[in-house]
Amino acid sequence: MVKDGDYVAIFNSIHRVMEAERLLKDKHLKILLIPAPRALAADCGLALRYAEDVRSDVEAALAEAGLLPRDLYRKSGEAFEKIGEKV
Amino acid sequence: MNSLDVRGMACPLPVVSVKRALEAAPGELRVLLDDGAPRENVKRFAQGRGYQVQEEPVEGGFACTISGSPKREAAAAERAGANVMLFGTDRMGDGPEELGRLLMKNFIMTLVELQEVPDRMLFVNSGVLLTVAGSEVLEALEALGNRGVEVLSCGLCLDFFKKKEQLAAGGVTNMLTIAESLLQARSVVRL
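Chains A and B supply the protein sequences, listed in that same order.
Sequential numbering from 1 applies to the first sequence in my numbering.
Sequential numbering from 1 applies to the second sequence in my numbering.
Keep in mind that the hints were calculated from the coordinates and are not lab data.
Heads up, the beta-carbon is just placed ideally off N, CA and C, and yes, glycines get one too.
Hints should not be assumed to be uniformly reliable.
[To be verified] In silico contact screen, one side only, chain B against chain A (beta carbon under 10 angstroms); selected entries:
(1) GLU98
(2) LEU102
(3) LYS105
(4) ASN106
(5) PHE107
(6) MET109
(7) VAL112
(8) GLU113
(9) GLU136
(10) GLU139
(11) ALA140
(12) ALA143
My request is simple: use the sequences and hints to build the entire structure.
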């Protein structure tokens with residue numbers, strides 16, 4: 001479900017990830033709520049996936065709404081690179 | 001040698017057709033297919049099951065000869081019958097609708113990550129809403145189809161929801177096939 005170069009955002013709670021999904025869908029941004037990859041710990045087991053082309057829009061919308069993810073990763077080959085401590 | 005032409009078919013139909021042909025008539029199978037995803041998916045599927053695969057370019061695509069016999073586990077599983085999942089709803093469990101839909105979506109996407117996948121996924125009643133345009137699990141269903149999972153939706157149900165033209169994953173089936181699949185299955189997981 002996650003291709004090379006995709007971003008995966010992990011949130012603190014199911015409510016935050018659902019709220020983030022709703023917000024981004026309302027803005028017609030191409031994101032997908034996915035099961036959190038096994039390699040990434042997520043309390044709620046869910047994550048948001050998005051591609052590079054919408055990254056700045058997604059992250060700006062999340063920041064504006066106070067819905068920053070707990071962690072952000074980028075898929076690189078078989079691994080996930082952590083992007084900073086927070087977006 | 002049996003032969004099959006899956007050129008022009010959209011994914012995951014090439015894999016599903018090859019799987020059916022191998023199950024119906026074991027032995028050598030020559031498949032004509034398009035280059036790109038269909039060729040890669042069929043090759044991965046056959047090799048994953050333990051078959052040998054030889055490819056050669058032909059006019060309008062590739063010819064892929066599948067020979068040998070499946071791995072012992074795959075052969076035993078084929079003899080024992082299919083693992084079937086029956087989706088009678090687009091939600092998982094009782095409770096808030098939003099949570100139920102989210103859980104179902106999460107469940108289907110999680111199947112993609114597993115080593116063992118069902119042989120067949122049957123969608124009936126509001127379960128067919130998962131296989132039509134706009135569903136968020138289409139990408140997952142395509143990935144499962146490419147691993148040989150047969151995705152079938154109840155035609156009557158699609159008709160009821162006026163979604164017949166919007167089917168976007170797998171094929172259409174009827175109650176006869178659904179009933180046979182359930183009765184002949186090795187295991188049925190009902191959701």
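Report holds or violated for the interface hint on ASN106 of chain B, using the least CB-CB distance to chain A and a cut-off of 10 angstroms.
ASN106 of chain B check passes; min Cβ-Cβ to chain A is 5 angstroms, inside 10 angstroms.
Hinted contact GLU113 of chain B with chain A - closest CB pair below 10 angstroms
GLU113 of chain B check passes; min Cβ-Cβ to chain A is 7 angstroms, inside 10 angstroms.
Interface restraint verdict for MET109 of chain B against chain A (beta-carbon cut-off 10 angstroms)
At about 5 angstroms, which falls below the 10 angstroms cut-off, the nearest Cβ of chain A leaves the hint on MET109 of chain B intact, so it holds.
Would the stated hint for GLU139 of chain B survive a check requiring a Cβ distance to chain A of less than 10 angstroms?
7 angstroms, holds
Taking the least C-beta to C-beta distance, is VAL112 of chain B closer than 10 angstroms to chain A?
6 angstroms, holds
Regarding the hint that GLU136 of chain B lies at the interface with chain A, is the smallest CB-CB distance below 10 angstroms?
7 angstroms, holds
Closest C-beta approach of LEU102 of chain B to chain A relative to 10 angstroms, hint status
Since the shortest Cβ distance to chain A is 7 angstroms, the answer is holds.
Any CB of chain A closer than 10 angstroms to the CB of PHE107 of chain B?
9 angstroms, holds
Quick one, is the ALA140 of chain B hint okay against chain A at 10 angstroms, beta carbons?
7 angstroms, holds
Per-residue hint verdict: ALA143 of chain B, partner chain A, C-beta under 10 angstroms:
8 angstroms, holds
Evaluation of the interface hint that places GLU98 of chain B against chain A, nearest CB under 10 angstroms:
7 angstroms, holds
Interface restraint verdict for LYS105 of chain B against chain A (beta-carbon cut-off 10 angstroms):
At 7 angstroms from the nearest chain A Cβ, LYS105 of chain B passes the 10 angstroms test, so the hint holds.
Every hint from the earlier list agrees with this structure, and none is contradicted.
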